[in-house]
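Enquirer: Starting from the structure of chain A, add chain B where the hints point.
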Amino acid sequence: MLNKVEAHSMSGFPVARLSGVLLLLLAVAIAAFLHLSLGAKSIDWVTIWQALFEYNPLDMDQVIIRESRQARLIVSVVVGASLALAGVIMQAISSNPLADPGLLGINSGAAFFVVASLLFFPMFGQDYLPVFAFLGAAFAALLVILLSGWEQGSERLVLAGVVVTALFSAMTAILLLIDQQGLEKLRHWLTGAIGASDLKKLQWVYPYLIFAIVCCFTLVRSLNAFHLGERVAASLGVNVLLLKVSGLALVVVLSGCVVTVAGPIGFVGLVVPHVARLLVRNSYAWLFLYSLLIGTLLLILSDIAARIVLRPYEINTGIITAFVGAPVFIALVLRRMK
Amino acid sequence: MLVIEHLNAGYKNKQVLKDINLTLSEGGFITLMGANGCGKTTLLHSISGLLKLASGDVFLNEVSLLTLKRKDVAQRLALLPQIATTPSGLTARELIMQGRFPWQNWWRQWSELDEKAVNDAIEVTNVRDYLDLPLEQLSGGQQQRCWIAMTLAQDTPVVLLDEPTTYLDVAHQVELMNLISSLKSKGKTIIAVLHDLNQAATYSDYLVMMKEGEVYTQGKVKDVFTKENLSAVFGLDAHIITDPYNGTPIALPVVTLPDNVASTADLNNRQQIHYA
Numbered sequence: 004m005l006n007k008v009e010a011h012s013m014s015g016f017p018v019a020r021l022s023g024v025l026l027l028l029l030a031v032a033i034a035a036f037l038h039l040s041l042g043a044k045s046i047d048w049v050t051i052w053q054a055l056f057e058y059n060p061l062d063m064d065q066v067i068i069r070e071s072r073q074a075r076l077i078v079s080v081v082v083g084a085s086l087a088l089a090g091v092i093m094q095a096i097s098s099n100p101l102a103d104p105g106l107l108g109i110n111s112g113a114a115f116f117v118v119a120s121l122l123f124f125p126m127f128g129q130d131y132l133p134v135f136a137f138l139g140a141a142f143a144a145l146l147v148i149l150l151s152g153w154e155q156g157s158e159r160l161v162l163a164g165v166v167v168t169a170l171f172s173a174m175t176a177i178l179l180l181i182d183q184q185g186l187e188k189l190r191h192w193l194t195g196a197i198g199a200s201d202l203k204k205l206q207w208v209y210p211y212l213i214f215a216i217v218c219c220f221t222l223v224r225s226l227n228a229f230h231l232g233e234r235v236a237a238s239l240g241v242n243v244l245l246l247k248v249s250g251l252a253l254v255v256v257l258s259g260c261v262v263t264v265a266g267p268i269g270f271v272g273l274v275v276p277h278v279a280r281l282l283v284r285n286s287y288a289w290l291f292l293y294s295l296l297i298g299t300l301l302l303i304l305s306d307i308a309a310r311i312v313l314r315p316y317e318i319n320t321g322i323i324t325a326f327v328g329a330p331v332f333i334a335l336v337l338r339r340m341k
Numbered sequence: 030m031l032v033i034e035h036l037n038a039g040y041k042n043k044q045v046l047k048d049i050n051l052t053l054s055e056g057g058f059i060t061l062m063g064a065n066g067c068g069k070t071t072l073l074h075s076i077s078g079l080l081k082l083a084s085g086d087v088f089l090n091e092v093s094l095l096t097l098k099r100k101d102v103a104q105r106l107a108l109l110p111q112i113a114t115t116p117s118g119l120t121a122r123e124l125i126m127q128g129r130f131p132w133q134n135w136w137r138q139w140s141e142l143d144e145k146a147v148n149d150a151i152e153v154t155n156v157r158d159y160l161d162l163p164l165e166q167l168s169g170g171q172q173q174r175c176w177i178a179m180t181l182a183q184d185t186p187v188v189l190l191d192e193p194t195t196y197l198d199v200a201h202q203v204e205l206m207n208l209i210s211s212l213k214s215k216g217k218t219i220i221a222v223l224h225d226l227n228q229a230a231t232y233s234d235y236l237v238m239m240k241e242g243e244v245y246t247q248g249k250v251k252d253v254f255t256k257e258n259l260s261a262v263f264g265l266d267a268h269i270i271t272d273p274y275n276g277t278p279i280a281l282p283v284v285t286l287p288d289n290v291a292s293t294a295d296l297n298n299r300q301q302i303h304y305a
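Line by line, the protein sequences give chains A and B. In this text, residue positions in the first sequence follow this note's numbering: the first is 4, and each later residue adds one. In this text, residue positions in the second sequence follow this note's numbering: the first is 30, and each later residue adds one.
In short, the hints are calculated from the structure, not lab data. Treat the hints loosely; a few may be bogus.
[As the list claims (entries may be wrong)] Straight-line distance between alpha carbons at most 20 Å, and here's what the computed PhoX-like set of lysine-lysine pairs gives:
{"hint": "1", "chain 1": "A", "residue 1": "Lys-247", "chain 2": "B", "residue 2": "Lys-98"}
{"hint": "2", "chain 1": "B", "residue 1": "Lys-81", "chain 2": "B", "residue 2": "Lys-43"}
{"hint": "3", "chain 1": "B", "residue 1": "Lys-43", "chain 2": "B", "residue 2": "Lys-240"}
{"hint": "4", "chain 1": "B", "residue 1": "Lys-100", "chain 2": "A", "residue 2": "Lys-247"}
{"hint": "5", "chain 1": "B", "residue 1": "Lys-41", "chain 2": "B", "residue 2": "Lys-81"}
{"hint": "6", "chain 1": "A", "residue 1": "Lys-247", "chain 2": "B", "residue 2": "Lys-81"}
{"hint": "7", "chain 1": "B", "residue 1": "Lys-145", "chain 2": "B", "residue 2": "Lys-217"}
{"hint": "8", "chain 1": "B", "residue 1": "Lys-256", "chain 2": "B", "residue 2": "Lys-240"}
{"hint": "9", "chain 1": "B", "residue 1": "Lys-98", "chain 2": "B", "residue 2": "Lys-81"}
[Said to hold, decoys possible] Here chain B is said to cover these stretches of chain A; the calculated rule only asks that three of the stretch's residues, wherever they fall, bring their Cβ under 8 Å from a Cβ of chain B:
{"hint": "10", "segment": "40-53"}
{"hint": "11", "segment": "167-178"}
{"hint": "12", "segment": "326-333"}
[As the list claims (entries may be wrong)] Here are the in silico distance ranges between beta carbons for each label pair:
{"hint": "13", "chain 1": "B", "residue 1": "Thr-114", "chain 2": "A", "residue 2": "Glu-57", "range": "51 to 61 Å"}
{"hint": "14", "chain 1": "B", "residue 1": "Leu-142", "chain 2": "A", "residue 2": "Asp-47", "range": "51 to 61 Å"}
{"hint": "15", "chain 1": "A", "residue 1": "Leu-25", "chain 2": "B", "residue 2": "Ser-140", "range": "47 to 57 Å"}
{"hint": "16", "chain 1": "B", "residue 1": "Ser-117", "chain 2": "A", "residue 2": "Ile-213", "range": "23 to 33 Å"}
{"hint": "17", "chain 1": "B", "residue 1": "Leu-95", "chain 2": "A", "residue 2": "Arg-339", "range": "37 to 47 Å"}
{"hint": "18", "chain 1": "B", "residue 1": "Ser-117", "chain 2": "A", "residue 2": "Leu-122", "range": "39 to 49 Å"}
{"hint": "19", "chain 1": "B", "residue 1": "Thr-271", "chain 2": "A", "residue 2": "Leu-337", "range": "51 to 61 Å"}
{"hint": "20", "chain 1": "B", "residue 1": "Leu-142", "chain 2": "A", "residue 2": "Ala-288", "range": "19 to 29 Å"}
{"hint": "21", "chain 1": "B", "residue 1": "Asn-90", "chain 2": "A", "residue 2": "Leu-202", "range": "58 to 68 Å"}
{"hint": "22", "chain 1": "B", "residue 1": "Lys-145", "chain 2": "A", "residue 2": "Ala-329", "range": "43 to 53 Å"}
{"hint": "23", "chain 1": "A", "residue 1": "Ala-334", "chain 2": "B", "residue 2": "Leu-162", "range": "52 to 62 Å"}
{"hint": "24", "chain 1": "A", "residue 1": "Arg-339", "chain 2": "B", "residue 2": "Glu-152", "range": "33 to 43 Å"}
{"hint": "25", "chain 1": "A", "residue 1": "Ala-334", "chain 2": "B", "residue 2": "Thr-114", "range": "16 to 26 Å"}
All residues carry an ideal CB built from backbone N, CA and C; glycine is no exception.
Chain A extracted, bound-state conformation:
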């Protein structure tokens, strides 16, 4: 009898977890509809429905949905999901709850390389933008590791990240000064502008993104073991170095893709894993899934806010996520100091 009970709880069907996922999916769906409906001009739900399923190109409202808001929505989903996954991985492999591709300079490294490539190597097509973004992200990551020594859970990691972020932001600002007119559009993009992005940019990056997201889930078992501590993981048979390098590579690809599409959007990777951990704590498979959905939700809501707080003007989505993320960051730091 006892054994039977145990067998059940060891491989039992996770009803609570799964219903949480369904609830989150529902929330994402509602937020998505809101996203399509709200904006400079409010559009009613019937028109949204028609635009999606019985498209009539003569109706201007339906055109707005199809041509502008739908693209924004898709980009928000992709950006939210990718940044959230990148945040989970970064926090896991650095054993540091403050790790985030934005805070650790990876986003700004990618952004600098993208801007520099547009300025100095215009002969490469725009298809190469993600590659430059990856290079920049990887370069920034290496710089942070060199500066911090990759110590477990160390504050030096965050400080190094701040320094690298400042460095790349300054260098990007210099580039923008050199070419004022040509890069006016970039300035907008550099504060994390989903509005400036379109589906074409997504086409450059989606193969990398899909590959990276699938790869995240192959790290689950090793990450679960790594959660017990680096030494325990190693003695359980985890190749710790390989885990860290592949985790970092995934972060570089995910952040690089996001930066290419929407510019450096911060704090999503910091906030989302902490929220997800309030709901699921013991398995990275579920943590990834929950983070992916919560990140999506956060970005859709942020993008809604970005479009309606100063209606009819728009602010950049990255500014909204910073407003949400900065208090969380401060709260995390305060808790750590105690």
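Expert: Chain B alone, transformed into the frame defined by chain A:
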């Protein structure tokens, strides 16, 4: 049989282990002893591959562990390192189940064999009562039992333990040592680092005494646990008596009476002995 040949290892600028040669036979309880910083933990880490060797080789049953993948090492040899922090958000059972890591992969997740190994480990370590409680809610002794259960669930012929009784109170230490020594009867080879001299003498079959990164002496407890060796390895002045109940040797540190002038060295040495 575990054979260590010309092992040199250390950290960045400091060589810790100098030309270690050891042949440890299968079965039984082997204890590594020595003063702080003599390289006991470094040796355990070197054997299990946590630390890259500068030179030398480690063979388990004539297979060089250095040539194996991490997972293959973990199927042969389990190490429980010193645990500094309790992982958050796990129940005792979830921790123990992690011990099956080296036997699984992403297409073969949870088998009957895994189930059996985990149940056996739970049985031996007697952690059934708090299996579904979060680790954070358990006492130090209970947590340590769970870690040992995880290590046992790994189901390896050789188990390495790094100071398994640190931070536990006396009753829990004894309980845990009894548990560990009972593993011998399951055919496992236990290699442990122990700080408590008398615990080492009571429970071990074989002692390896280390000094400054080298093996000072090794052998059966009765042959090695002597006044001379303790003095040489620990700088400890102690009488050796025989435990009237177990027949094992016991070290009684020579007490400096208050009217004698106690030198600081003596005081330091005395602090290293915990009375069990």
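Enquirer: Now tell me, hint by hint, if it's right for this structure.
Expert: Now for the hints, and whether the structure bears them out:
1. A:Lys-247 to B:Lys-98: OK: Lys-247 of chain A and Lys-98 of chain B at ~17 Å, within 20 Å.
2. B:Lys-81 to B:Lys-43: At roughly 13 Å apart (the allowed maximum being 20 Å), Lys-43 of chain B and Lys-81 of chain B satisfy the hint.
3. B:Lys-43 to B:Lys-240: 16 Å, holds
4. B:Lys-100 to A:Lys-247: 16 Å, holds
5. B:Lys-41 to B:Lys-81: 11 Å, holds
6. A:Lys-247 to B:Lys-81: Satisfied, since the Cα-Cα distance of roughly 17 Å is no more than 20 Å.
7. B:Lys-145 to B:Lys-217: 17 Å, holds
8. B:Lys-256 to B:Lys-240: Judged against 20 Å, a Cα distance of about 16 Å means the pair holds.
9. B:Lys-98 to B:Lys-81: Satisfied, since the Cα-Cα distance of roughly 13 Å is no more than 20 Å.
10. 40-53: violated (count 0)
11. 167-178: With 0 residues closer than 8 Å to chain B, the segment 167-178 of chain A misses the three-residue bar; violated.
12. 326-333: That given contact is violated, which follows from only 0 residues of the segment 326-333 of chain A lying within Cβ reach (below 8 Å) of chain B.
13. B:Thr-114 to A:Glu-57: 51 to 61 Å: 58 Å, holds
14. B:Leu-142 to A:Asp-47: 51 to 61 Å: Given range 51 to 61 Å: holds, Cβ gap about 60 Å.
15. A:Leu-25 to B:Ser-140: 47 to 57 Å: The hinted range 47 to 57 Å is violated for Leu-25 of chain A and Ser-140 of chain B, with Cβ atoms some 30 Å apart.
16. B:Ser-117 to A:Ile-213: 23 to 33 Å: 31 Å, holds
17. B:Leu-95 to A:Arg-339: 37 to 47 Å: 39 Å, holds
18. B:Ser-117 to A:Leu-122: 39 to 49 Å: 46 Å, holds
19. B:Thr-271 to A:Leu-337: 51 to 61 Å: 58 Å, holds
20. B:Leu-142 to A:Ala-288: 19 to 29 Å: Holds - the Cβ-Cβ distance for Leu-142 of chain B and Ala-288 of chain A, about 22 Å, lies within 19 to 29 Å.
21. B:Asn-90 to A:Leu-202: 58 to 68 Å: 60 Å, holds
22. B:Lys-145 to A:Ala-329: 43 to 53 Å: 51 Å, holds
23. A:Ala-334 to B:Leu-162: 52 to 62 Å: 28 Å, violated
24. A:Arg-339 to B:Glu-152: 33 to 43 Å: Given range 33 to 43 Å: holds, Cβ gap about 40 Å.
25. A:Ala-334 to B:Thr-114: 16 to 26 Å: The hint (16 to 26 Å, Cβ to Cβ) holds, given that Ala-334 of chain A and Thr-114 of chain B are roughly 21 Å apart.
In the structure shown, a violation is registered for the earlier hints numbered 10, 11, 12, 15, 23, in ascending order.
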